[in-house]
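Residues per chain are reported as follows:
Number of protein chains: 2
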Amino acid sequence: MIFSKRITSMQQSPIRKLVPIAENAKKQGKKVYHLNIGQPDIETPTEFFEAVKSFDEKVLKYSFSQGMPELIEALIKYYKRYDMNFEHEEIVITNGGSEALLFSLIAVADHGDEVLIPEPFYTNYNGFSSAVGVNVKPITTKATEGFHLPKKEKIEELISPKTKAILLSNPGNPTGVVYTPEEIQMLASLAKEYNLFIIADEVYREFVYDNLTYTSFGNIKEIEDRVIIVDSISKRYSACGARIGSIASKNKDLIKQILKLCQGRLCVPTLEQIGAARLYSVSEDYFENVLAEYQKRRDIVYNALKEMPNVICEKPTGAFYVVAKLPVVDAEDFVIWLLKDFDIDNETVMLAPAEGFYATPGLGKDEVRIAYILNEKDLKKAMNILKIALEKYPNKK
Amino acid sequence: MIFSKRITSMQQSPIRKLVPIAENAKKQGKKVYHLNIGQPDIETPTEFFEAVKSFDEKVLKYSFSQGMPELIEALIKYYKRYDMNFEHEEIVITNGGSEALLFSLIAVADHGDEVLIPEPFYTNYNGFSSAVGVNVKPITTKATEGFHLPKKEKIEELISPKTKAILLSNPGNPTGVVYTPEEIQMLASLAKEYNLFIIADEVYREFVYDNLTYTSFGNIKEIEDRVIIVDSISKRYSACGARIGSIASKNKDLIKQILKLCQGRLCVPTLEQIGAARLYSVSEDYFENVLAEYQKRRDIVYNALKEMPNVICEKPTGAFYVVAKLPVVDAEDFVIWLLKDFDIDNETVMLAPAEGFYATPGLGKDEVRIAYILNEKDLKKAMNILKIALEKYPNKK
Numbered sequence: 001m002i003f004s005k006r007i008t009s010m011q012q013s014p015i016r017k018l019v020p021i022a023e024n025a026k027k028q029g030k031k032v033y034h035l036n037i038g039q040p041d042i043e044t045p046t047e048f049f050e051a052v053k054s055f056d057e058k059v060l061k062y063s064f065s066q067g068m069p070e071l072i073e074a075l076i077k078y079y080k081r082y083d084m085n086f087e088h089e090e091i092v093i094t095n096g097g098s099e100a101l102l103f104s105l106i107a108v109a110d111h112g113d114e115v116l117i118p119e120p121f122y123t124n125y126n127g128f129s130s131a132v133g134v135n136v137k138p139i140t141t142k143a144t145e146g147f148h149l150p151k152k153e154k155i156e157e158l159i160s161p162k163t164k165a166i167l168l169s170n171p172g173n174p175t176g177v178v179y180t181p182e183e184i185q186m187l188a189s190l191a192k193e194y195n196l197f198i199i200a201d202e203v204y205r206e207f208v209y210d211n212l213t214y215t216s217f218g219n220i221k222e223i224e225d226r227v228i229i230v231d232s233i234s235k236r237y238s239a240c241g242a243r244i245g246s247i248a249s250k251n252k253d254l255i256k257q258i259l260k261l262c263q264g265r266l267c268v269p270t271l272e273q274i275g276a277a278r279l280y281s282v283s284e285d286y287f288e289n290v291l292a293e294y295q296k297r298r299d300i301v302y303n304a305l306k307e308m309p310n311v312i313c314e315k316p317t318g319a320f321y322v323v324a325k326l327p328v329v330d331a332e333d334f335v336i337w338l339l340k341d342f343d344i345d346n347e348t349v350m351l352a353p354a355e356g357f358y359a360t361p362g363l364g365k366d367e368v369r370i371a372y373i374l375n376e377k378d379l380k381k382a383m384n385i386l387k388i389a390l391e392k393y394p395n396k397k
Numbered sequence: 001m002i003f004s005k006r007i008t009s010m011q012q013s014p015i016r017k018l019v020p021i022a023e024n025a026k027k028q029g030k031k032v033y034h035l036n037i038g039q040p041d042i043e044t045p046t047e048f049f050e051a052v053k054s055f056d057e058k059v060l061k062y063s064f065s066q067g068m069p070e071l072i073e074a075l076i077k078y079y080k081r082y083d084m085n086f087e088h089e090e091i092v093i094t095n096g097g098s099e100a101l102l103f104s105l106i107a108v109a110d111h112g113d114e115v116l117i118p119e120p121f122y123t124n125y126n127g128f129s130s131a132v133g134v135n136v137k138p139i140t141t142k143a144t145e146g147f148h149l150p151k152k153e154k155i156e157e158l159i160s161p162k163t164k165a166i167l168l169s170n171p172g173n174p175t176g177v178v179y180t181p182e183e184i185q186m187l188a189s190l191a192k193e194y195n196l197f198i199i200a201d202e203v204y205r206e207f208v209y210d211n212l213t214y215t216s217f218g219n220i221k222e223i224e225d226r227v228i229i230v231d232s233i234s235k236r237y238s239a240c241g242a243r244i245g246s247i248a249s250k251n252k253d254l255i256k257q258i259l260k261l262c263q264g265r266l267c268v269p270t271l272e273q274i275g276a277a278r279l280y281s282v283s284e285d286y287f288e289n290v291l292a293e294y295q296k297r298r299d300i301v302y303n304a305l306k307e308m309p310n311v312i313c314e315k316p317t318g319a320f321y322v323v324a325k326l327p328v329v330d331a332e333d334f335v336i337w338l339l340k341d342f343d344i345d346n347e348t349v350m351l352a353p354a355e356g357f358y359a360t361p362g363l364g365k366d367e368v369r370i371a372y373i374l375n376e377k378d379l380k381k382a383m384n385i386l387k388i389a390l391e392k393y394p395n396k397k
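As you go down the protein sequences, you meet chains A and B in turn. Following this note's numbering, the numbering of the first sequence begins with 1 at its first residue and continues without gaps. Following this note's numbering, the numbering of the second sequence begins with 1 at its first residue and continues without gaps.
Worth flagging that the hints you see were computed from the coordinates, not collected in a lab. Please note that the accuracy of each hint is not assured.
Stated by the list, open to error - Calculated lysine to aspartate or glutamate pairs in the DMTMM-like style (CA-CA distance at most 25 Å, straight line): (1) Lys26/A <-> Glu73/B; (2) Lys380/B <-> Asp366/B; (3) Lys61/B <-> Glu47/A; (4) Lys26/B <-> Glu57/A; (5) Lys61/A <-> Asp366/B; (6) Lys296/A <-> Glu376/A.
Said to hold, decoys possible - If you anchor each label on the Cβ, the simulated ranges turn out as follows: (7) Lys192/B <-> Ile344/A: 17 to 23 Å; (8) Ser283/A <-> Asp253/B: 35 to 41 Å; (9) Ser9/A <-> Glu70/B: 28 to 34 Å; (10) Pro327/A <-> Lys61/B: 30 to 36 Å; (11) Lys80/B <-> Thr8/A: 47 to 53 Å; (12) Pro327/B <-> Val59/A: 50 to 56 Å; (13) Gly112/B <-> Pro69/A: 36 to 42 Å; (14) Lys61/B <-> Glu89/A: 19 to 25 Å; (15) Thr8/A <-> Glu156/B: 24 to 30 Å; (16) Glu156/B <-> Asp225/A: 45 to 51 Å; (17) Asn384/B <-> Asn85/A: 47 to 53 Å.
As the list claims (entries may be wrong) - Derived coverage of chain A by chain B (criterion: at least 3 residues anywhere in the stretch with Cβ under 8 Å from a Cβ of chain B; other residues may be distant): (18) 44 to 53; (19) 126 to 135; (20) 138 to 146.
As the structure is a prediction and not an experimental result, all values here were calculated from the model. Each residue gets a CB set at the ideal place from its N, CA and C atoms; glycine is no exception.
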């Protein structure tokens, strides 16, 4: 039997394909510190579970296709804190940020159209795009420049009549970059000049360190009809398993179109929406502790990396990731070696090879993404293992 | 701003677009009996809620992309009751039957490819198809023939080199048809001869009346590598709001391909899977009462329809729908009239105009779908309202 070209050409998740090797290491009794995945260890606020458990109807009915009104209202209030004013008909609830991205792509681009994405980028952008026949044009950014954007002219060169949108995550996964207000303005002016949508994946909005100024695309009034804000409770409230995301746009017609896709899949789970509505009403100071915790972890990871010879990375300022250039020939080989052939007192560390985050062939071969999602003690241990491993690893550059 | 052609050309859900009119009627104090939607009133087994409420971890983590092993195991056991033997790597869990259908289409058809679907069909088949650029070729079936399939030659005429699959729901939504073993065999032989997949939406598998023999495509051994079984707990366990579906196929390579799509959206909600696993372990006799209840309702609706002059419908034998041909010029106009201009003691009924279930323009204009999802008393009242309304409605044929 023959499968579709679009599915056979989809790359397997570069993170998940190493999982069996890690599982094997664990079976042999090795402890593996997972710095390879974005699954935080922070406790989900208990309000989520309390809300879910308070459900007492007899029939678990369909919810509204657009999303539960209480959740939409909670989101509207949440956005107001950031000076974004959305109305009820400007928001839809989705199955995670994933579905929000998929629906946004379907709505703005036809088969054969193009979207620009700064690379390295969240691998699943690639998956969603190829599933629906949209071509990704990468805007290459570099570790040595802290993964900030190239000059406007460089980006303009990539724009064709088929370009329909710029898609980006800010703060950035996997890079941890937070784009400057000037970068955001530059992209906004490109969107205006070339009639493009901006799909702004801002699921890490709260994870910005060093009191840096964060500019959301939701605050750029002059292009508000071009901006699609993608959000999710997964990282924000450490509720990855709830799969509640959303799309917000001042372009009501766009939301009306996307609503057709929402109707097609009927609705998002009822119980999870009840929990999510409660989370979005959690008081603002919830983020203070979480942010302090992640900033501490960021410092541990960054300071450790800086002390490792020939490791290149700028200080990341957002999300909970950093991409570092290692003095190795092939980062994937290094990660496999870490799992198979290396340990300190029967402990090792797992990282995500960064090649899979690039669309341009050959880039990122010597880079890894580190997610700082472990507690202080474990993180220090893991970084120490990495340091010694880099000394011992044979295939160095 | 310009949206994609694929989204602007998507039709709005024909059922949902009448909702505002119904809401308006209710605001004016009218009681509306909803026979227009597939939301059953049957209680969700309490086991679902108990399982969800027993969750006591501190972090709501991502589940496995393929689905929670316990749920997959529960499904494997469930299928065994129907003599279908699936292995763990032959099943993935999806966000409702909806995502199962979407992923199946993406996996077997590229942009511009075709799928055959017996019409009238579940409208969202159309939505999913246009979202991913797959063209629907309808196999027209008729009320006067109880919506059974045409002869093999008729279907063969529709097959082109671009045809990749036959998609069908059995028992049928909206028709209530249960295909005969001969019809299933005929489709199987077509699949074999023309190298097609069969996407078998069998979410109503248990809803078969009059002790009829039901043949699942999962029982047709000789084409097992071509068969994709789509399932869902929504109707089976009256848990529409859980959004838990699945794909099962003996074609392991296909499942491996679909797993890439699953990885792209990371996972299905954790809590809902815990509940669903418990539901699939509910004892078989759970269905006895449910089935008896629906068969009683089917009889109420069918007997009432038979007594209405010039209403054409064959006795439906499955699911909980019937499509009836009414003596009206335009069924949508009739439904709007029911909501706006008609009542008996301030009560009226809402039906689903069937035109939206057809892909062939002009068909189904005088047909409605009736979902028998109300209790006996309400259903009798609703059918009586329909009877009198048909007498009083001015735009009759």
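Verification of the supplied hints:
In summary, the hint linking Lys26/A to Glu73/B is supported, as the alpha carbons are separated by about 24 Å, within the 25 Å threshold. A threshold of 25 Å between alpha carbons decides the hint, and for Lys380/B with Asp366/B the separation of about 23 Å falls inside it, so the pair holds. A threshold of 25 Å between alpha carbons decides the hint, and for Lys61/B with Glu47/A the separation of about 16 Å falls inside it, so the pair holds. With a CA separation close to 22 Å, the supplied pair Lys26/B and Glu57/A stays within the 25 Å bound.
For the suggested pair Lys61/A and Asp366/B, the alpha carbons sit about 30 Å apart, so the restraint of at most 25 Å is broken. For the proposed pair Lys296/A and Glu376/A, the alpha carbon gap of about 8 Å is at most 25 Å, so the pair holds. Between Lys192/B and Ile344/A the Cβ separation comes to about 58 Å, which falls outside the hinted range of 17 to 23 Å. Take Ser283/A and Asp253/B: their Cβ atoms lie about 50 Å apart, and the range 35 to 41 Å is violated.
About 33 Å separates the C-beta atoms of Ser9/A and Glu70/B, a value consistent with the hinted range of 28 to 34 Å. Restraint check, Pro327/A to Lys61/B: a C-beta distance of roughly 34 Å satisfies the suggested window 30 to 36 Å. Evaluation of the 47 to 53 Å hint for Lys80/B and Thr8/A yields a failure: the beta carbon distance comes to about 31 Å. Separation of Pro327/B from Val59/A is about 35 Å and departs from the stated range, judged on CB atoms against 50 to 56 Å.
The hinted window of 36 to 42 Å between Gly112/B and Pro69/A holds, with their beta carbons roughly 39 Å apart. Checked against the given bound of 19 to 25 Å, the beta carbons of Lys61/B and Glu89/A, roughly 33 Å apart, lie outside it. A hinted range of 24 to 30 Å for the beta carbons of Thr8/A and Glu156/B is consistent with their spacing of about 28 Å. Between Glu156/B and Asp225/A the CB atoms are about 49 Å apart, so this pair conforms to the stated range of 45 to 51 Å.
For Asn384/B paired with Asn85/A, a C-beta distance near 50 Å keeps the hint of 47 to 53 Å intact. Three residues within the 8 Å Cβ limit are the bar, and the stretch 44 to 53 of chain A against chain B gives 5, so the coverage statement holds. Residues of the stretch 126 to 135 of chain A lying with their CB closer than 8 Å to a CB of chain B number 5, which satisfies the three-residue condition for coverage. With 0 residues having a beta carbon nearer than 8 Å to a beta carbon of chain B, the stretch 138 to 146 of chain A misses the requirement of three or more and the stated coverage is violated.
Checked against the numbered hints above, the structure breaks hints 5, 7, 8, 11, 12, 14, 20 and satisfies the rest.
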